[in-house]
Amino acid sequence: KAGVTQTPRYLIKTRGQQVTLSCSPISGHRSVSWYQQTPGQGLQFLFEYFSETQRNKGNFPGRFSGRQFSNSRSEMNVSTLELGDSALYLCASSAEGDTEAFFGQGTRLTVV
Amino acid sequence: AQSVTQLGSHVSVSEGALVLLRCNYSSSVPPYLFWYVQYPNQGLQLLLKYTSAATLVKGINGFEAEFKKSETSFHLTKPSAHMSDAAEYFCAVSHAGNNRKLIWGLGTSLAVNP
Chain A
2 KAGVTQTPRY LIKTRGQQVT LSCSPISGHR SVSWYQQTPG QGLQFLFEYF
52 SETQRNKGNF PGRFSGRQFS NSRSEMNVST LELGDSALYL CASSAEGDTE
102 AFFGQGTRLT VV
Chain B
8 AQSVTQLGSH VSVSEGALVL LRCNYSSSVP PYLFWYVQYP NQGLQLLLKY
58 TSAATLVKGI NGFEAEFKKS ETSFHLTKPS AHMSDAAEYF CAVSHAGNNR
108 KLIWGLGTSL AVNP
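Chains as they are written, first to last, in the numbering used here: chain A, 2 to 113; chain B, 8 to 121.
Okay, chain B solo, but in the shape it has when bound (with noise of 0.2 Å):
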């Protein structure tokens, strides 16, 4: 079985501060991973994916993750918080294949503060 696990549902940094939220996941087979943000009333936006290809993957808006198999970890990072960072970030997983079923973490909220 697959799960997720997000450390702290709620970060708070300075503008200009590094962002880093946490990610652990859990898998008996090789993973997909997925982080996603969502803006208040609206839908889940991709903001990078690791897929078995480099284990630094970087997405859009600055952020990047590293995948490290021995930690079992997929940690978003952004060297330099934005205002406009705030929002509800998701770490989720799937397998490979057609499988479509993403098992999610239950969120961090990032506060961006001026």
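Extracted from the complex, chain A is given alone in its bound form (with noise of 0.2 Å):
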């Protein structure tokens, strides 16, 4: 079956820009989970998603927010970006009841 897969894989964004990335889980996955990675920080968690519903959060500023479709397809937007927002983001998916999160290969996001 498909792995999670998230798009676009790169993306080049000015600083004050927004921008949404997109995250599709593993066929009956209902939890999303995402993270940020920088070589500074390493890997912080953002928020999960699950059915629709903000489960868990991260501690990130306002300028981050998501969301989760029916179809539990998730999406992560940046407003305003700053360079600092430039990292490797990263979506995993899980099943209910699993402990192991599935993750995409990520979109890495730079900001000039």
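A hint or two may mislead.
Unchecked claim - With a straight-line cut-off of 25 Å between C-alpha atoms, the simulated DMTMM-like cross-links for lysine to aspartate or glutamate are: (1) 56(B) / 99(A); (2) 108(B) / 86(A); (3) 58(A) / 76(A); (4) 108(B) / 71(B); (5) 76(B) / 76(A); (6) 65(B) / 101(A); (7) 65(B) / 53(A); (8) 56(B) / 83(A); (9) 108(B) / 97(A); (10) 108(B) / 101(A); (11) 56(B) / 97(A); (12) 65(B) / 86(A); (13) 75(B) / 101(A); (14) 76(B) / 101(A); (15) 76(B) / 99(A); (16) 75(B) / 99(A); (17) 108(B) / 99(A).
Unchecked claim - To give an idea of the chain B side of the interface with chain A (calculated C-beta under 7 Å), a few residues: (18) 39; (19) 51; (20) 53; (21) 58; (22) 59.
Calculated directly from the structure, the hints in this document are not laboratory data. Fair warning: this is a prediction, and the values are worked out from it, not measured in the lab. Quick reminder that beta carbons are idealized off the backbone N, C-alpha and C, glycines included.
Now that you have both chains on their own, put them together as the hints suggest.
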């Protein structure tokens, strides 16, 4: 079965713009989590959605938001981009009752 | 609060030598522990996980890890390194239940020399 798909793979944006990243989970997975990966801070949890509801949230400013659709696909939005938002954004999906998170290949966002 | 410390940001071994990547955790509740591997420009792949069953966990590609509660450790080992093992390795912790929030170590870059 298909894995977690993230689009686009690469993105270049200008400071002040906003961006939307997409994640399609493995079929049947209802939990989608987002992580930011940077060389300095490592991997940090952004938020988790389950059945269209945000279930957990990390310590990121309100410029970072997300949503989940009825088909479990999820989007993440970052508004008013800053240079420090440049990172690899990873999405992971999980089946209910399963401890394993399956990761997509990520979207590399560069803010210039 | 939970946290993970990976000792050694870079580890270099010779092909065929023992691989030992260290991970210590802090958790106020019984933890779930994971090791993931990341190859360049790729996402993360689960190597193995501990979820309160056997303390010695065997994973993919010949890796294994032992959960030691008294030492709050979950070190990753492989008896004989292969060139294809060169990658970034991450230890992560979460707790039981439906909490999918993974807390990560900063990673260890493993180099394998011929």
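>> If you test the structure against every hint from before, which numbers come out violated?
In response: 5, 7, 8, 12 and 22
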